[in-house]
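So the protein sequences, as listed, match chains A and B.
Position 124 (the first sequence) corresponds to 124 in the working numbering; numbering is contiguous.
Position 112 (the second sequence) corresponds to 112 in the working numbering; numbering is contiguous.
Everything labelled a hint here was simulated from the structure, so no lab data went into it.
Since the structure is predicted, the reported quantities are computational estimates derived from the model, not experimental observations.
We put the beta carbon where it would ideally sit given N, CA and C, even for glycine.
Where hints are given, some of them may not hold.
Said to hold, decoys possible - On the chain B side, residues computed to face chain A include the following (Cβ under 8 Å): (1) MET9; (2) PHE12; (3) GLU13; (4) LYS20; (5) GLY21; (6) TYR24; (7) ARG25; (8) LEU36; (9) GLU38; (10) TYR41; (11) ILE49; (12) ALA114; (13) LYS118; (14) LEU167; (15) LEU171.
Claimed, not checked - Straight-line Cα separation of at most 30 Å, DSBU-like style, residue types lysine-lysine; simulated pairs: (16) B:LYS50 with A:LYS20; (17) B:LYS118 with B:LYS157; (18) B:LYS143 with B:LYS157; (19) B:LYS20 with A:LYS20; (20) B:LYS18 with A:LYS20; (21) A:LYS20 with B:LYS123; (22) B:LYS20 with B:LYS123; (23) B:LYS157 with B:LYS50; (24) A:LYS20 with B:LYS56; (25) A:LYS20 with B:LYS118; (26) A:LYS20 with B:LYS143.
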Amino acid sequence: MSEQKPPSNEPFDLSSLYQKGADEMPPESLDQIILAQAEEQIQPARRSRWASWQWPLSAAAVVVVASSIILDLHQQDQLGVEPMIMEEMMPMDSEMMETAPSLRMSAPVQQDSQTGSLNKALPDKVLPDKALQDEIHSENIVAPFRVMKSEQMMPAQAPAPAPVLNEPNVGTAEQFELQLKESRVNERKAREQSIADEESTRRQSIKAMEFKQHELMRKKSLERQGSDQSVSGEEDVREPNVWLNDIQTLLDENKSEHALEELRAFRLAYPEYQLPEELQGLLGKE
Amino acid sequence: MLAYAGGDMAAFETLYQKHKGSLYRYFIRQIPDRTLAEDLYQELWNRIIKASVSYKVTAKWTTWVYTMAHNLVIDHVRALKPVDSIENEETLETQMDSIGGNDPEHHQANEQLAAQLKHCIQKLPQAQQEVFLLNEETGMSLKAISEVVSISLEAAKSRLRYARSQLQNCLSDAWQYLNGESGGRS
Numbered sequence: 001m002s003e004q005k006p007p008s009n010e011p012f013d014l015s016s017l018y019q020k021g022a023d024e025m026p027p028e029s030l031d032q033i034i035l036a037q038a039e040e041q042i043q044p045a046r047r048s049r050w051a052s053w054q055w056p057l058s059a060a061a062v063v064v065v066a067s068s069i070i071l072d073l074h075q076q077d078q079l080g081v082e083p084m085i086m087e088e089m090m091p092m093d094s095e096m097m098e099t100a101p102s103l104r105m106s107a108p109v110q111q112d113s114q115t116g117s118l119n120k121a122l123p124d125k126v127l128p129d130k131a132l133q134d135e136i137h138s139e140n141i142v143a144p145f146r147v148m149k150s151e152q153m154m155p156a157q158a159p160a161p162a163p164v165l166n167e168p169n170v171g172t173a174e175q176f177e178l179q180l181k182e183s184r185v186n187e188r189k190a191r192e193q194s195i196a197d198e199e200s201t202r203r204q205s206i207k208a209m210e211f212k213q214h215e216l217m218r219k220k221s222l223e224r225q226g227s228d229q230s231v232s233g234e235e236d237v238r239e240p241n242v243w244l245n246d247i248q249t250l251l252d253e254n255k256s257e258h259a260l261e262e263l264r265a266f267r268l269a270y271p272e273y274q275l276p277e278e279l280q281g282l283l284g285k286e
Numbered sequence: 001m002l003a004y005a006g007g008d009m010a011a012f013e014t015l016y017q018k019h020k021g022s023l024y025r026y027f028i029r030q031i032p033d034r035t036l037a038e039d040l041y042q043e044l045w046n047r048i049i050k051a052s053v054s055y056k057v058t059a060k061w062t063t064w065v066y067t068m069a070h071n072l073v074i075d076h077v078r079a080l081k082p083v084d085s086i087e088n089e090e091t092l093e094t095q096m097d098s099i100g101g102n103d104p105e106h107h108q109a110n111e112q113l114a115a116q117l118k119h120c121i122q123k124l125p126q127a128q129q130e131v132f133l134l135n136e137e138t139g140m141s142l143k144a145i146s147e148v149v150s151i152s153l154e155a156a157k158s159r160l161r162y163a164r165s166q167l168q169n170c171l172s173d174a175w176q177y178l179n180g181e182s183g184g185r186s
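Just chain A, with the same shape it has in the complex (with noise of 0.2 Å):
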């Protein structure tokens, strides 16, 4: 045991002696509950850096709720007023006589509901009087003024169904845009052929009201110089061959005059019709 012995007049390494024994460390479970408690502090720093979010962040979904609530039903009520829009651009017949009395037919009354939108276009000034007006109209002449509407059109022509909105799983909203548009783009391209439709049909129909008062004409002419040539209403669109005799008839019998007032009647009926020489010459002296 001697040499354990420090020497007697040097002091104990008193910090290298603690040093050696410090060793004690606090239990396991004290270790635990600081640690929790540390936790269990820190948890409301965390929670009340999200409640210094919560209102500004509450706020904000609810507008875009809101937003997007208010644009979908504004889309909804646009498509509801699509319809009520396509009937004022194209009115009822009960409105379109209104505007044209003169052209009222005195066919039954469904046909004309058929005639409606076309006599608004026809200007009054073909028919030059009265007794022409009652004259047309005696003859029937409707079939040249019947438009089919856009109920009657046939499927390949009528425009594309809207689309239904209110189906379940519709759709994104861009989705949505684009059937809206192309729904829109097909309307318009059934509207426009619709009208094209109406413009020829009005434009034949003009064709035949000219030709009709011109044969009335000629037939009141006829009527004036005692001709007992026959202008039944059966007869006043004759055949091209028949009307030719006619004329040359005439011309043979000296009346170069009534001739001539026929064969320009006959070129306004038939326009494409080859003219015989004769007839060619007639023409080119007037």
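The hints should help you fit chain B onto chain A, whose structure is shown.
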């Protein structure tokens, strides 16, 4: 500490692992009642945790923490008187028996002295004891120690000098007792 105040729990765990041993020994060296010492140790960390919200860097963290620890010890232990000398001698005899009496040949002298030093520290007056512990456990300068225990620098120097002197005497006595016992047994 600031990181923990910002919600970083890992920062607190690092801090705790670094300082838990020295703080724990600071209490158990000064307070013989282990349960009371652990209560104070827990109370100290509780105060640290609560103070983290308003913590501002105005001094070294160790100075701040040991000032709180010092206040806790003062509040709870100031009334304790230095251990009676007769009790000390009895305790010393008992401890020496437990350390080297059964099989002294298998124990190193330094280990015996280290164990005896703990007992000698407990014999010190509380004021000297605290200064010595702060010096050994934290490596604080005397100036920092004087700030922690709210005394002048000269007073801190004096307390530390007296503490070391008494510990030297205590260890010398213990060594003589140990050698005498072992010599008698052999």
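Checked hints:
1. MET9: For MET9 (chain B), the interface hint holds, since the closest Cβ of chain A sits about 6 Å away, which is under 8 Å.
2. PHE12: Nearest chain A Cβ about 5 Å off; hint holds.
3. GLU13: holds, 7 Å
4. LYS20: holds, 6 Å
5. GLY21: holds, 5 Å
6. TYR24: holds, 4 Å
7. ARG25: holds, 5 Å
8. LEU36: At 13 Å from the nearest chain A Cβ, LEU36 (chain B) fails the 8 Å test, so the hint is violated.
9. GLU38: Since the shortest Cβ distance to chain A is 6 Å, the answer is holds.
10. TYR41: It holds, given that the least Cβ distance between TYR41 (chain B) and chain A is near 6 Å, below 8 Å.
11. ILE49: holds, 5 Å
12. ALA114: holds, 4 Å
13. LYS118: This hint holds: LYS118 (chain B) lies near chain A, its Cβ roughly 5 Å from the closest one there, short of 8 Å.
14. LEU167: holds, 6 Å
15. LEU171: With a minimum Cβ separation of about 5 Å from chain A (threshold 8 Å), the hint on LEU171 (chain B) holds.
16. B:LYS50 with A:LYS20: Violated, at roughly 34 Å.
17. B:LYS118 with B:LYS157: Holds, at about 21 Å.
18. B:LYS143 with B:LYS157: holds, 9 Å
19. B:LYS20 with A:LYS20: holds, 17 Å
20. B:LYS18 with A:LYS20: holds, 18 Å
21. A:LYS20 with B:LYS123: holds, 19 Å
22. B:LYS20 with B:LYS123: holds, 24 Å
23. B:LYS157 with B:LYS50: Cα-Cα ~33 Å, so violated.
24. A:LYS20 with B:LYS56: violated, 35 Å
25. A:LYS20 with B:LYS118: holds, 10 Å
26. A:LYS20 with B:LYS143: holds, 26 Å
The earlier numbered hints that this structure contradicts are 8, 16, 23 and 24.
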